[in-house]
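> Protein chains in written order, with this note's numbering: chain A, 984 to 1405; chain B, 984 to 1405; chain C, 984 to 1405; chain D, 984 to 1405.
Just so you know, these hints were derived from the structure itself, not from any lab.
Keep in mind it's a predicted model, so treat the numbers as computed, not measured.
Be a bit skeptical, because a hint or two may be false.
As the list claims (entries may be wrong) - Straight line, CA to CA, 27 Å or less: simulated DSSO-like cross-link-like pairs of lysine-lysine:
| # | chain 1 | residue 1 | chain 2 | residue 2 |
| --- | --- | --- | --- | --- |
| 1 | A | Lys1240 | D | Lys1070 |
| 2 | D | Lys1240 | C | Lys1070 |
| 3 | B | Lys1070 | C | Lys1240 |
| 4 | B | Lys1240 | A | Lys1070 |
There are 4 protein chains.
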Amino acid sequence: MQLNDPAVWTARFRAVREHSLALAAPLSDEDCGAQSMPDASPIKWHLAHTTWFFETFILEAMERAFQPFHPAFRVLFNSYYNGVGEKHPRPQRGLLTRPPMAQVRAYRANVDDRIAALIGSGLDGEARARLAALLTLGLQHEQQHQELMLTDVKHLLAQNGLYPGYLAGPLPRALPGAPPGWVHFEGGVTAVGYEGDGFCFDNELPSHRQFVEPFDIASRLVTNGEFLAFVEAGGYRDAAPWLAEGWDWVCTQGLDKPLYWQRDEHGNWLEFTLLGLQPLDLERPLAHVSLFEADAYAHWAGARLPTEAEWEHAARSAGTLPGTPPSLPHPGGDAEEDGHEAGLLTQMFDHCWQWTSSSYTPYPGFRPAAGAIGEYNGKFMVNQYVLRGSSCATPAGHARASYRNFFPAGARWQFTGIRLAR
Amino acid sequence: MQLNDPAVWTARFRAVREHSLALAAPLSDEDCGAQSMPDASPIKWHLAHTTWFFETFILEAMERAFQPFHPAFRVLFNSYYNGVGEKHPRPQRGLLTRPPMAQVRAYRANVDDRIAALIGSGLDGEARARLAALLTLGLQHEQQHQELMLTDVKHLLAQNGLYPGYLAGPLPRALPGAPPGWVHFEGGVTAVGYEGDGFCFDNELPSHRQFVEPFDIASRLVTNGEFLAFVEAGGYRDAAPWLAEGWDWVCTQGLDKPLYWQRDEHGNWLEFTLLGLQPLDLERPLAHVSLFEADAYAHWAGARLPTEAEWEHAARSAGTLPGTPPSLPHPGGDAEEDGHEAGLLTQMFDHCWQWTSSSYTPYPGFRPAAGAIGEYNGKFMVNQYVLRGSSCATPAGHARASYRNFFPAGARWQFTGIRLAR
Amino acid sequence: MQLNDPAVWTARFRAVREHSLALAAPLSDEDCGAQSMPDASPIKWHLAHTTWFFETFILEAMERAFQPFHPAFRVLFNSYYNGVGEKHPRPQRGLLTRPPMAQVRAYRANVDDRIAALIGSGLDGEARARLAALLTLGLQHEQQHQELMLTDVKHLLAQNGLYPGYLAGPLPRALPGAPPGWVHFEGGVTAVGYEGDGFCFDNELPSHRQFVEPFDIASRLVTNGEFLAFVEAGGYRDAAPWLAEGWDWVCTQGLDKPLYWQRDEHGNWLEFTLLGLQPLDLERPLAHVSLFEADAYAHWAGARLPTEAEWEHAARSAGTLPGTPPSLPHPGGDAEEDGHEAGLLTQMFDHCWQWTSSSYTPYPGFRPAAGAIGEYNGKFMVNQYVLRGSSCATPAGHARASYRNFFPAGARWQFTGIRLAR
Amino acid sequence: MQLNDPAVWTARFRAVREHSLALAAPLSDEDCGAQSMPDASPIKWHLAHTTWFFETFILEAMERAFQPFHPAFRVLFNSYYNGVGEKHPRPQRGLLTRPPMAQVRAYRANVDDRIAALIGSGLDGEARARLAALLTLGLQHEQQHQELMLTDVKHLLAQNGLYPGYLAGPLPRALPGAPPGWVHFEGGVTAVGYEGDGFCFDNELPSHRQFVEPFDIASRLVTNGEFLAFVEAGGYRDAAPWLAEGWDWVCTQGLDKPLYWQRDEHGNWLEFTLLGLQPLDLERPLAHVSLFEADAYAHWAGARLPTEAEWEHAARSAGTLPGTPPSLPHPGGDAEEDGHEAGLLTQMFDHCWQWTSSSYTPYPGFRPAAGAIGEYNGKFMVNQYVLRGSSCATPAGHARASYRNFFPAGARWQFTGIRLAR
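Hey, can you work out the whole structure from these sequences and the hints?
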């Protein structure tokens, strides 16, 4: 991760930054300002906050004669870093009609140019290493927000009775998948956590040993058709397969199907997608279920969810790797199947994040970074569950076998699906 | 209210409709889409809903071969008319990034042209009378929303740490006002309710008799300076002058000042206005207090709020009339003082709506219109309090002595002030 | 109200005080401690608070060398008097398992004896007058709590799946009532408020003039059978007759019938009463409806609720007087019909409190008492509606034509019914 | 666990059952009926529910000609078993003034006699084994409720401004403890879960292997004095050491100290105990903190919480065993120190449950029992954290090294303390 070639670094930096703008391109300024729920953020806010991250953690620390682009942005676009100071209230991000999109674009351009200047400024070795590390983190951070931009705008558009698509056009039907199978692993002491010399987040470290009992893991994800059988068998009306808190969640919210499913006046099942309302494709991997739903389905199916150690052990053993996500973020579309070479384990990446039964806790010896940036991951390690793999909305190059995504047990607006274990 | 001269009606119609667009002119599309709280609506929604009112209650009823501009708008822009059918949820109006502003403008233009065509279409007498009545109601309705556009956008901009002004420029200082005095009325049986042959809302009818005991009413509104004395005397820290529910409201929300007041780092009092943050002008009439605050202030000052019958009796006796609201909606600025001729009662109109102690109830013999349009006023006659007069944000020509505005006791985002009685 | 004969006053005092204990007699200590909702209080708390009232407002003010019975009781049993100081939180009154009932009985006996000693202590004229006024207020206050004891214990027992009766035994069936009729009044300027030289609450003063337009008022209360027709016609499923806030209240709480109605497994209608579950008696006056339900029923029936001025005018004109409430508090049972002599207006008292459309506001010239005791009535004069008459649970001798009971629009646990007007 | 000697089993059964009544002995019927919060239950409810458990899961299944003691009790005293049917709402357990305590005592006596008769009824081998298993589970269940009776009544009494003690008398001061030390363990593959042939809960099974990295664990619990240093250093005012959700919890609830701490008017620290308010004993182990507080303290102190595997590995390695809890349930009083023989690890049992960083998840191969009784543990395995050890309120004989207690991260009313690890 040395910053040896400024041109290479600048190109990589600009490519990631431009991809964020490309994601916003199909949207109007109005679309970019709205916030559909406290957990989601406006597109404009994502564009500004990712810029704030570079300005606050790189320019403010390393730029000579640093002047903020706008003094109020430090508060407006701080997400959750108490060490940086005050924050605009999260549920009110959608009220920030100012700065306008044009000014946020100017903010991005300004910070991008200053970062490029810093990259090319002939820093000494120690500073170059520090810049490389922070740049890498900032770009990985931006990629995380790129996925959130897609899930957040999908949630926003789904609240609108017009059901507008983020993009236009028909959604290609998925090909019928193979019948599901079980892949057996013998267990034993296995290594968990990142071991290479590339980038990883602090929550993937340190690599350490865990003992895994022998287990089976499903060869592919649960499909819409399989989950529909659960729905039609009364899965949302019988407490038996549910965790107690999950059943409360179902009853309190009156739920009876996954987040984006609905029926038309003829009783046909539809799914809201980034291409608008579409017929429910029974062959595609199921998406947008909570851990509660994933766990209930697994119980109903006589199985369980994998632990994160099992998942990582299987992924490493099988040698599956992230591929290229589909051009349109919809699970199971036209992504190249990962792991085909390994024979058995498919859809580990690029389709849906996969709920595990593992709560999000620090690995033994975990040590967050010093200062405000140490708030990145560690302080969220309670009442969240780990998801593994990656989704159709994850930017290419972002995922890896040791990656730990995490959300509360009731979250449904991410591309979250189910891989069974037993 | 006969529709004798189509050209006159068309001109009047177009003038009111254009004023709504003029109010939106200083705002970006982003500004027009956001909703700061469930009680407020986005500017875009106001523009669409007022158009929906004409389309639903006039075009749909009277236009030959009526086709809706867009079939989904019937639901999206229905405010609260159960008789019309389903409604988009009120707290989620800010999520309607589609239709975009441009389409709402097109919607307005389309409906305006069709209304103009209908006006000029040579209807027979009965239909002309019906059209005149509905047009008049629709324009009065639009004027009510014009005031809400200003109060709602003020509330939205106040949530933004940048404190942007709706308009730019300094706010003229108010001239020192006269010391307050009491105007005495003898009481007796008095007529309450609208009696002329112009327009009024159904809630102003029928004119009826009420007995009013002798009373005094203040010659002008309470000023910022007078209310500041209450604040600084600990008015928000002592339960004694407050209604029990008002005191709960203060404590639960941790309140210690009117809605838009704040102090800078030097302790100076500022007020957020449509021109942005401004020094608090002690001479101006106080605005943006709830009934709870108005009542507590009155008790603290050894007085009380007037009833709506007292207010109307005083207004009629003194012959005060609405004038021209200030060019910038800020209470007490450069409006022509009403009632100067009558000598004593001033600021009855054009500055701030004035809380009365009267709950909003039907007048004896009240009869709402048949059909969905009968939901306009009558169904809100519980747990609301009547405000009289008009404010700096009320469109010219909209107010009259019998006008009954109404809000819940805790509402503060309107231009609501205090006139004392005893 | 002079305190001329101490023996008479002592006897009156002891009689009212003993009635409270008699009301608690059918209940166990366990029954007396529980609180079913924040609006209701435990029986034990009522017994202690009414004692606290005498101790705080009479003994503390007038007893030589006053020592509190227990220093902590000043806080524990203060209901809402900010002028007295701190208060135990209202929703947690049911957690006060200490002091035990036995100690509360001892508290009552102690305060009773000290009050009796004070009555007989040969006070001078001014002090005697003051004592007489406070004693009278204290006893009226205790009578108000006697009614609350019955409504609160009814609510408590209704939460228990065993549906225990407060008393045992069958409920006598009501005789078929007369068909309802309308009684006409001419209106005009009428006096409202208390005018005699006996006791009244401050909220009944001063007597003043109101103008009442001609009106009709129903000759009797709405019966269970009449309201059942509304229920069965879908009254709780159609927004049309409801106030907007009432309809929200129905939908949010999923309501479809009056508070204590239910159906058995055969579909028969039952009503929970102080004698346990009983078949719904179609001839009895309907009880336990909110203002929202009363108003919706009236609209559905093509009528409206009376104003409090209309009600009082009718009651005075007809000369109806409170009688003897039924021996078992259930509306419409065996109470002597009031007003029979006057021919037409019946059930004005002793059956159910009658919702009016009048919000609870101060009469012109209203002046609460000085000091903490002035918090008795005045501070509740917002967002409450006036009920007139009296109920089967009102102690004999407590009601009068000018009496103003008041509750929020959604309250249902009192014996509240409907008299129509038009 | 064979039921070979009915007399032994009957005696064991009666001894546990009588201990529950002994715990209720210092309390009045009033004390036994109240519920201080939804998470806590009334003593009477505990006494009835534990009886319901024997009646429902043993008598109903095994008694010839089973008749319920009272048909309504099946619903009233069902805690959370959906498989058994309806349940009285948990937050309303305090409203069950009927059945009275006397009837609950009769219920206990009746079920006890029928259970004793069943034990002595000469069942065949398979039925005897089944009865032995269910009896054992029922008694362990009752012991769990015995601990809850103490924590729930403590919480109830703490809400009362009289601060009554559950028992009277002074609390003995703890002796100054040893300075804390670290005990080192080498780690490796270790067995986790119950392995003996006695009783354990299903959540302790199956015994399985886990890999534990080398770690240190504190030789004793954190004391009140040590935690006071955190409080006085501003621990509740600085976000830095807190988990994000923990900091929200602190801010939303306005917390600044452990649950039962308070200061008197001179600033002295007091703690509410089962003996009433007492001076805070700085030498005793800290109790009544949430996982959030435990984790924040650990971060502040430069340490962390142990995992449950570490805790169990340490406990087994050191051979520490539960002893006899103190005669008065207060942490760290006069309990015999466990583990003294082993030299280093003390206070593993009998003082305070110890928060671990492990979420409550199924062990690999976990299989809940069939039928409703399978709801005992498994369905709670989400968003809860494991506590290990036992407390001063745990009945003698109930704890073991593999025992998994669990509560949500914000729970504070149990005797929950902190053992550090690193």
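> Holds or violated: are the alpha carbons of Lys1240 of chain D and Lys1070 of chain C at most 27 Å from each other?
Between Lys1240 of chain D and Lys1070 of chain C the Cα gap is close to 23 Å, so the pair holds against 27 Å.
> Is the Cα-Cα distance between Lys1070 of chain B and Lys1240 of chain C 27 Å or less?
Holds - the C-alpha atoms of Lys1240 of chain C and Lys1070 of chain B are around 26 Å apart, at most 27 Å.
> Need the status of pair Lys1240 of chain A, Lys1070 of chain D: alpha-carbon distance at most 27 Å?
Holds. Lys1240 of chain A to Lys1070 of chain D sits at ~26 Å (cutoff 27 Å).
> Checking one constraint from the list: CA of Lys1240 of chain B to CA of Lys1070 of chain A, max 27 Å. Satisfied?
Between Lys1240 of chain B and Lys1070 of chain A the Cα gap is close to 23 Å, so the pair holds against 27 Å.
Checked against the numbered hints above, the structure breaks none of them.
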